[in-house]
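First to last, the sequence lines map onto chains A and B. End of the first sequence sits at 164 in our numbering; the numbers just go up one at a time, nothing left out. End of the second sequence sits at 550 in our numbering; the numbers just go up one at a time, nothing left out.
Just to be clear, a hint being listed does not mean it is correct.
No more than 25 Å apart at the CA atoms, straight line, and that leaves these computed lysine-lysine pairs for DSS-like [to be verified]:
1) 5(A) <-> 49(A)
2) 162(A) <-> 180(B)
3) 282(B) <-> 373(B)
4) 187(B) <-> 282(B)
5) 302(B) <-> 180(B)
6) 282(B) <-> 162(A)
7) 446(B) <-> 471(B)
8) 177(B) <-> 76(A)
9) 506(B) <-> 449(B)
10) 421(B) <-> 446(B)
11) 162(A) <-> 177(B)
12) 76(A) <-> 150(B)
13) 10(A) <-> 76(A)
14) 229(B) <-> 210(B)
15) 286(B) <-> 162(A)
16) 187(B) <-> 162(A)
17) 3(A) <-> 49(A)
18) 419(B) <-> 506(B)
19) 150(B) <-> 282(B)
20) 506(B) <-> 201(B)
21) 204(B) <-> 298(B)
If you're looking for bench data, these hints aren't it; they were derived computationally from the structure. A quick note: this is a predicted structure, and the numbers were derived from the prediction, not measured.
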Amino acid sequence: MKAKGHVFKYGENINTDVIIPARYLNATTGEELSVHCMEDIDRDFVRKVKPGDIMVARKNFGCGSSREHAPLALKSAGISCVIADTFARIFFRNSINIGLPILECREAAQEINAGDEVEVNFDTGIIRDLTLDREFQAQPFPEFMQNIIHAGGLIGYVNGKKK
Amino acid sequence: MIKPSGSKNLQDLFRISIFSAAGGFCMGMTMSQKILAGHAGQAEVKAGQLIEANLDLVLGNDITSPVAINAMKEMKNQTVFDKEKIALVMDHFIPNKDIKSAENCKCCREFASAHSISHYYDVGKMGIEHALLPEQGLVSAGDLIIGADSHTCTYGALGAFSTGVGSTDMAAGMVTGKAWFKVPSAIRFELSGKLRKKISGKDLILSLIGMIGVDGALYESMEFTGSGVESLSMDDRFTVCNMAIEAGGKNGIFPVDDITKQYLKEHSKRPLRIYEADDDAVYEKTIRVDLNEIDYTVAFPHLPENTKKAGSFGKIKIDQAVIGSCTNGRISDLRTAAEILKGRKVAEKVRCIIIPATQSIYLQAMKEGLIETFIEAGAAVSTPTCGPCLGGYMGVLAAGEKCISTTNRNFVGRMGHTDSEIYLSDPAVAAASAVMGYIASPEEVL
Numbered sequence: 002m003k004a005k006g007h008v009f010k011y012g013e014n015i016n017t018d019v020i021i022p023a024r025y026l027n028a029t030t031g032e033e034l035s036v037h038c039m040e041d042i043d044r045d046f047v048r049k050v051k052p053g054d055i056m057v058a059r060k061n062f063g064c065g066s067s068r069e070h071a072p073l074a075l076k077s078a079g080i081s082c083v084i085a086d087t088f089a090r091i092f093f094r095n096s097i098n099i100g101l102p103i104l105e106c107r108e109a110a111q112e113i114n115a116g117d118e119v120e121v122n123f124d125t126g127i128i129r130d131l132t133l134d135r136e137f138q139a140q141p142f143p144e145f146m147q148n149i150i151h152a153g154g155l156i157g158y159v160n161g162k163k164k
Numbered sequence: 105m106i107k108p109s110g111s112k113n114l115q116d117l118f119r120i121s122i123f124s125a126a127g128g129f130c131m132g133m134t135m136s137q138k139i140l141a142g143h144a145g146q147a148e149v150k151a152g153q154l155i156e157a158n159l160d161l162v163l164g165n166d167i168t169s170p171v172a173i174n175a176m177k178e179m180k181n182q183t184v185f186d187k188e189k190i191a192l193v194m195d196h197f198i199p200n201k202d203i204k205s206a207e208n209c210k211c212c213r214e215f216a217s218a219h220s221i222s223h224y225y226d227v228g229k230m231g232i233e234h235a236l237l238p239e240q241g242l243v244s245a246g247d248l249i250i251g252a253d254s255h256t257c258t259y260g261a262l263g264a265f266s267t268g269v270g271s272t273d274m275a276a277g278m279v280t281g282k283a284w285f286k287v288p289s290a291i292r293f294e295l296s297g298k299l300r301k302k303i304s305g306k307d308l309i310l311s312l313i314g315m316i317g318v319d320g321a322l323y324e325s326m327e328f329t330g331s332g333v334e335s336l337s338m339d340d341r342f343t344v345c346n347m348a349i350e351a352g353g354k355n356g357i358f359p360v361d362d363i364t365k366q367y368l369k370e371h372s373k374r375p376l377r378i379y380e381a382d383d384d385a386v387y388e389k390t391i392r393v394d395l396n397e398i399d400y401t402v403a404f405p406h407l408p409e410n411t412k413k414a415g416s417f418g419k420i421k422i423d424q425a426v427i428g429s430c431t432n433g434r435i436s437d438l439r440t441a442a443e444i445l446k447g448r449k450v451a452e453k454v455r456c457i458i459i460p461a462t463q464s465i466y467l468q469a470m471k472e473g474l475i476e477t478f479i480e481a482g483a484a485v486s487t488p489t490c491g492p493c494l495g496g497y498m499g500v501l502a503a504g505e506k507c508i509s510t511t512n513r514n515f516v517g518r519m520g521h522t523d524s525e526i527y528l529s530d531p532a533v534a535a536a537s538a539v540m541g542y543i544a545s546p547e548e549v550l
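Hey, can you work out the whole structure from these sequences and the hints?
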């Protein structure tokens, strides 16, 4: 499984309130949520993002609320992968559970620039910045989480187990 | 290895089992690890290990439950594992703030009815979930709880392992009664001394977040121990554990002592399972805190880690003061606010909004005359709701406005416009600031 796209880059502690502000939490579908994604820190994001694009940020991405609306909004906006130094734990779980690929890689998060073209191989964890012509190795997922990802998320995983 | 051992007190015999160290060859476990091991049916777990564990309670609110209910529709098995072990609390946008919120609550209401969910709380009977569940006795020591709300970590105050998850985890939990966990390592906070008069749990947790940062406990348990624990009231402990997530923590947890037992005796009929950390438990690090040294603390915009001692900065004029939320909407918080507001007036250009966290707290405050004090002081008092904490309604800020708030997050745009500012504090500082019109230390008023 691979992803390829241009990079939107942000800083530290990108919290769920800016990924999807609470004033829009009366909506429950990805389609409704995605049009407001990131608007409190980047008004141009929704207009500029293209399917397959990649988000890169620094430490503690997704901190704050448990709202699954946050990874859902990113995924529906077209983001194919988020790369960060570290993720807040509930965001980490939620992303795996809904099938939004995320990768922890401090070096990549530091070096990759906004606008770079980046290719990610989820099976190997290799991140290639085609603009910089550099390669980074992300932490691979433990087998248990890979099983959830391969099942398309937690619901698929649970359905599979019930067989 | 863990082994249940008997309790000394005959009266407690039927309700209390104690899981303490039995010694031997196993590596010591933290209190959180012991609860996880106990619920995974394993004698031992290690930090980093992935486990599947049985849940005692699955919680959702009016924001997160509709997403979980939708997710559940995609599952092969759509029956809930135990209608007694699911709590649905309508608290974020109710009484409904708009049509979409009304639709969300309707979705939850119909689901609760269709599945005969025992613990469904709606307008007139509800409260803010993390104040409500302990009050209603749904949480007990030794429980393993997940909630689709990040502040689910509050129940660690009662010696439970409880943590926030998303809606899909909630959906899977409602059906299977299980959840997957990565066993966390822990930071031990060894508390000594005693908080000075009127300094509260909020000042303690804000100080700790200021010390370790908003990701200082990322993926880890925050375990509070030491001789200082006994000086902290149950409400202080709720507030401390409530904000463990603001340091990135997976859970916050206190040992079970006489104060916990007394609280549970008054509120819950559930059995107590007392888990104690092993003497040789391994911690990532130990942080020693002298409670006597904690001061009134204010977190500046836009992160809870930006803490300063109240009174250590110039006059910051405020437009609004909010006293309430799952962090500080309990009766002791309202008593503290009333003590300051009694016989005084909210400053002319300040809007003071006070929100009791549950219906019974509201009623108790009324019986004690606190509501009268608030209204006479010129404050607005609201039915329980999370409302302004997350910029939903009941106190949304305009561009350029500043608010002192007893809530838990001060991120950009959290309470309204992205150009507004939130300063976090305890109820005493918030009430004093409401009176003075700028962020003030309670000593300036009392």
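For each hint, the structure was consulted:
Straight-line distance between C-alpha atoms of residue 5(A) and residue 49(A) comes to about 16 Å, which keeps the hinted pair within the 25 Å bound. Our distance criterion of 25 Å between C-alpha atoms is met by residue 162(A) and residue 180(B), whose separation comes to about 10 Å. Between residue 282(B) and residue 373(B), the direct Cα distance comes to roughly 23 Å. Compliance with the 25 Å bound is thereby established for this hinted pair. For the suggested pair residue 187(B) and residue 282(B), the alpha carbons sit about 14 Å apart, so the restraint of at most 25 Å is met.
At most 25 Å may separate the alpha-carbon atoms for a hinted pair to count; residue 302(B) and residue 180(B) exceed this at roughly 53 Å. At most 25 Å may separate the alpha-carbon atoms for a hinted pair to count; residue 282(B) and residue 162(A) meet this at roughly 13 Å. Between the alpha carbons of residue 446(B) and residue 471(B) the distance comes to roughly 15 Å, so the proposed pair stays at or under 25 Å and holds. Restraint check: the Cα-Cα separation between residue 177(B) and residue 76(A) comes to about 20 Å, which is no more than 25 Å; the hinted pair holds.
Among the hinted pairs, residue 506(B) with residue 449(B) is consistent with the structure: their alpha-carbon atoms are about 19 Å apart, no more than 25 Å. A threshold of 25 Å between alpha carbons decides the hint, and for residue 421(B) with residue 446(B) the separation of about 22 Å falls inside it, so the pair holds. At most 25 Å may separate the alpha-carbon atoms for a hinted pair to count; residue 162(A) and residue 177(B) meet this at roughly 17 Å. Straight-line distance between C-alpha atoms of residue 76(A) and residue 150(B) comes to about 33 Å, which puts the hinted pair past the 25 Å bound.
Annotation: proposed proximity of residue 10(A) to residue 76(A) holds, straight-line Cα distance about 16 Å (limit 25 Å). The hinted pair formed by residue 229(B) and residue 210(B) meets the criterion: a straight-line CA distance of about 16 Å does not exceed 25 Å. For the proposed pair residue 286(B) and residue 162(A), the alpha carbon gap of about 19 Å is at most 25 Å, so the pair holds. Among the hinted pairs, residue 187(B) with residue 162(A) is consistent with the structure: their alpha-carbon atoms are about 22 Å apart, no more than 25 Å.
Of the pairs offered as hints, the one joining residue 3(A) and residue 49(A) holds, with about 22 Å between alpha carbons and a cut-off of 25 Å not exceeded. Proximity of residue 419(B) to residue 506(B) is assessed by CA-CA distance (about 12 Å); at most 25 Å being required, the pair is judged to hold. Straight-line distance between C-alpha atoms of residue 150(B) and residue 282(B) comes to about 19 Å, which keeps the hinted pair within the 25 Å bound. Distance restraint check for residue 506(B) and residue 201(B): the Cα-Cα separation of roughly 23 Å lies within the 25 Å cut-off, and the hinted pair is therefore satisfied.
At most 25 Å may separate the alpha-carbon atoms for a hinted pair to count; residue 204(B) and residue 298(B) exceed this at roughly 47 Å.
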